[in-house]
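Trainee: From just these sequences and the hints, can you work out the full model?
Chains C and F are the protein sequences, given in the same order.
So the first sequence is residues 59 to 736, counted in the numbering used here.
So the second sequence is residues 216 to 398, counted in the numbering used here.
Calculated directly from the structure, the hints in this document are not laboratory data.
Please note: incorrect hints may appear among the correct ones.
[Unchecked claim] Partial list, derived from the structure: chain F residues whose beta carbon lies under 10 Å from chain C: (1) G257; (2) E279; (3) L281; (4) T293; (5) A368; (6) R371; (7) A374; (8) A390; (9) Q391; (10) P395; (11) E396.
All of these numbers come straight from a predicted model, not from anything done at the bench.
We treat Cβ as the ideally placed atom computed from N, Cα and C, and that holds for glycine.
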Amino acid sequence: MRFALLMIASTLSLAAHAAPVKVELAGNPLDRFPFFEYVRAFNTRMSVRVAIDPGRFPAIVGKTCDIFVVKHKTPSAWTANPSLLDVTPGGALRRTFVAGTIQANTVSVTPTLSLDDDAGASLGVPYDVVLDCDRNGVLSDADYIDGLGAQAGFYMVADTTKPGPYAVATTSYNLAMPTATHYSIPAMFRAETIYYPANIGAMNRRLPLVVISHGNGFYPTDYAHIANHLASWGYVVLAHSTDTEAGPITAAATTINHTDAFLDQAETGTVASGALVGKVDSHRIALLGHSRGGEGVVIAYNNLSTGAATPAHFTKDDIKLVDSMAPTDIWWTTGDGNPALTDPLDANYHLWVAAGDMDVMGDPADPRWQSQPIADRAVGFKQVTVIHGAGHTSFADRPGDVPHIDGPCQLTVPEGHAIQLGYLLPLMKHYLEGNVPSLDFLTRQYENFHPRGIGLENPCIIVANEYRNGADTGNFIIDDFQWNLGEGMSSAPGVVTYTVDNLTEGRLDDVTGSFNHDPADPFNGALFGTMVDSSRGVTFDWTNSDRYIQWAIPKTGRNFSKYAVLSFRGAQASRHPNTVAALEDLTFAVELRDANGAKSSINIGAYGGGLEEPYQRGGGWADEMETIRIRVTDFLNNGAPIDLTKIASVRIKVGPSYGSPMGRIVLDDLMLTNDGAP
Amino acid sequence: MKVFAAAVAASLLAFSLSAAAQTATPVKGILAAQRFTLAEPGNDIPAGTLLVLDVDPALAVPRESLNPILYIEGQPATRLNHGGQSGHVLVIVPAGVDVNRARIWFGAPDVVEALTPQKIQAERTKADASRLSRARALVNVERPVVEAKDLAALLRDVAAPLIDRYSPQDAAVAAQWRLPEAN
Chain C
59 MRFALLMIAS
69 TLSLAAHAAP
79 VKVELAGNPL
89 DRFPFFEYVR
99 AFNTRMSVRV
109 AIDPGRFPAI
119 VGKTCDIFVV
129 KHKTPSAWTA
139 NPSLLDVTPG
149 GALRRTFVAG
159 TIQANTVSVT
169 PTLSLDDDAG
179 ASLGVPYDVV
189 LDCDRNGVLS
199 DADYIDGLGA
209 QAGFYMVADT
219 TKPGPYAVAT
229 TSYNLAMPTA
239 THYSIPAMFR
249 AETIYYPANI
259 GAMNRRLPLV
269 VISHGNGFYP
279 TDYAHIANHL
289 ASWGYVVLAH
299 STDTEAGPIT
309 AAATTINHTD
319 AFLDQAETGT
329 VASGALVGKV
339 DSHRIALLGH
349 SRGGEGVVIA
359 YNNLSTGAAT
369 PAHFTKDDIK
379 LVDSMAPTDI
389 WWTTGDGNPA
399 LTDPLDANYH
409 LWVAAGDMDV
419 MGDPADPRWQ
429 SQPIADRAVG
439 FKQVTVIHGA
449 GHTSFADRPG
459 DVPHIDGPCQ
469 LTVPEGHAIQ
479 LGYLLPLMKH
489 YLEGNVPSLD
499 FLTRQYENFH
509 PRGIGLENPC
519 IIVANEYRNG
529 ADTGNFIIDD
539 FQWNLGEGMS
549 SAPGVVTYTV
559 DNLTEGRLDD
569 VTGSFNHDPA
579 DPFNGALFGT
589 MVDSSRGVTF
599 DWTNSDRYIQ
609 WAIPKTGRNF
619 SKYAVLSFRG
629 AQASRHPNTV
639 AALEDLTFAV
649 ELRDANGAKS
659 SINIGAYGGG
669 LEEPYQRGGG
679 WADEMETIRI
689 RVTDFLNNGA
699 PIDLTKIASV
709 RIKVGPSYGS
719 PMGRIVLDDL
729 MLTNDGAP
Chain F
216 MKVFAAAVAA
226 SLLAFSLSAA
236 AQTATPVKGI
246 LAAQRFTLAE
256 PGNDIPAGTL
266 LVLDVDPALA
276 VPRESLNPIL
286 YIEGQPATRL
296 NHGGQSGHVL
306 VIVPAGVDVN
316 RARIWFGAPD
326 VVEALTPQKI
336 QAERTKADAS
346 RLSRARALVN
356 VERPVVEAKD
366 LAALLRDVAA
376 PLIDRYSPQD
386 AAVAAQWRLP
396 EAN
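Mentor: Here's what the structure looks like:
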């Protein structure tokens, strides 16, 4: 029942009370166990639900509480003003919580389109959720709150495919010859086009810098759609001429030199009529490159890391994100006397893959045209976004250009750009500004959550997201297959047992040069490591029978309650008979067992999606990894008796009783994470 | 360490063999030749020739993967446009090369920065074996020598009009050279 807004002016100080209970409350109901997912971000077309599990929080049972959705406050702001002011159209709700299930204690607190999502140039309007269980209208010790910290309970996010709040100013010029010469930029590649908020003069802060390095046969202005989008959201964007004809190493040098020259010229007022003096943050830079330029930005970071490049105005530590769109991988395997350079090392790295690319096509016979291994080399934070129906030129914007897509269900240019811009903005916001709700775009399955402006009506739009947290602390690797090699022992280490069929552990590399199914090529379709990489995983199958693979957890790692999320990445094996038998997402169950034998199991399909069917180019192209993430506490819902402090094993259960009746998959990076910040 | 040296060597060999299988393909001819000198060359060549070549467009289409390398007298050419649509490629040739006697051809697909002396010598050998003759002038290509202040001025005032005339599909590159200078 809704009731009129209760607003009590109070002088009560939060500090005078014991702390309210911090819980997760905001999220979405699920149609099967765990029956609810707690999330950080909502699109405004989404209704916000609140749920609390009476098994985990038995003290809530029988209590009648007022449910407030309030504007987010920091802990100190709550202390200063603990009053509750609901912002939903109907005011706070009153609800009596009952024993039983989380479903019985799930409440819709906002109708669709009811909360403000306009955060200006930021992304996400923050809100907290409070269960005011003493119904005194203030946050007090009897209450439950989602959001009493640096992060809000949830965020309403605007459409990330749409322009931001700023009008964009742009200007194109050539660096003066003395400047170009000083920065070792050839005369024919002196051109720069810059984009920035038109009102930048009124801003009393420095803005992050995004540098765009084009592909071979492209020009800086071919990425104007990206540059305008990011500038409208508060970034300074430099699109520079690049010598891609010579190759990615030369492109990398051009990128570093242009960035160095630009920082100098912006600060001295030489460009943009001085509008950028004091406005560009040289310590928050993202390098974004396409194709050879995409490999170039990786090499640029590598050169900064090794000291092979020493620009005057920035360092490796200033590069907060390296982002490659369909990059080549020429300088990893080619060698030719040069060291292997195409390695992001510890960069925060993101990779775009166009599944229908006809240029950097993901050729299993030639690793230079495989992009995915670059991401697998990254040892820090890592993301991959695979777009079905996209081609090599889908990432650029040249009117009248042929998209060069091979495969079914081809995307139009606007559709491809909506995906690109919709995900690019959260990427930049997360890595350049530490934006919290952006992480939801990077970690949740496309089917579950994605930029609102991507056409929902087109079933051809399929996006596969991969994410690995690379924080120095807060992660526990159960098995990444890089240590304790062999099928009986995990990285943790722990004993691995299994009943799945045809299990093979090894390099994630298609070794036959063909996507045709071949029993002698267990990692057929896996293009995550070349012959000179060591990225490893496991593959197995099952056929109309229930099977499992289980990782025993060593005693030192059994306290799963210290972590927020259980995570792994997986892919359907391209063209395997069990993969093509059903052209759809593949699902199975993940089970935790504690030392007392109690267990709890979650089907990965509960959150929407599953492991994606590979793009049906030629009947199936490269494997597409998707990251599956399950909140550890989800396993506790509805009274599951499992003890998260004593987890003895993680078991993946496959077969008719647990999801897809048959399948063949690749798995990797089974880990626990606290989603530490980059 | 993720690299295995032996595997690198094996892959190198495989790629080199693949590249060596290509043959030398001559350009069709020379459409224009513009000799120049630079008053303030800086780090650039002080004199040379801008050549407009008539080529098979299929060999000039820019790809991210390997592209056939354009050679002039046994050295990789400095291309100023792609020419994949027009079939006309503008190159800049140092003064030491006699463009009236030069052999000009497309060699094996590669990236320029990956070329080694051994690869370049192999291309010369292939050209010799193909009995490649010098590129012929398709029209009267001789023009008076122009003097430009520097390479930027040459590109803006001389090369850009050649792009306009012979490869307007590459107008974007000429537009870049014509941009005002930041100062």
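Trainee: Confirm or reject each hint.
Mentor: Now for the hints, and whether the structure bears them out:
1. G257: 5 Å, holds
2. E279: Because about 4 Å separates F/E279 from the closest Cβ in chain C, which is inside the 10 Å limit, the hint holds.
3. L281: With a closest approach of 8 Å, the F/L281 hint holds.
4. T293: At about 9 Å, which falls below the 10 Å cut-off, the nearest Cβ of chain C leaves the hint on F/T293 intact, so it holds.
5. A368: 9 Å, holds
6. R371: OK, holds: F/R371 within 10 Å of chain C, min 9 Å.
7. A374: Constraint on F/A374 satisfied, holds at 8 Å.
8. A390: Interface hint status for F/A390: holds (9 Å vs cutoff 10 Å).
9. Q391: 4 Å, holds
10. P395: The hint holds - F/P395 has a Cβ within 10 Å of chain C, the shortest such distance being about 6 Å.
11. E396: With a minimum Cβ separation of about 5 Å from chain C (threshold 10 Å), the hint on F/E396 holds.
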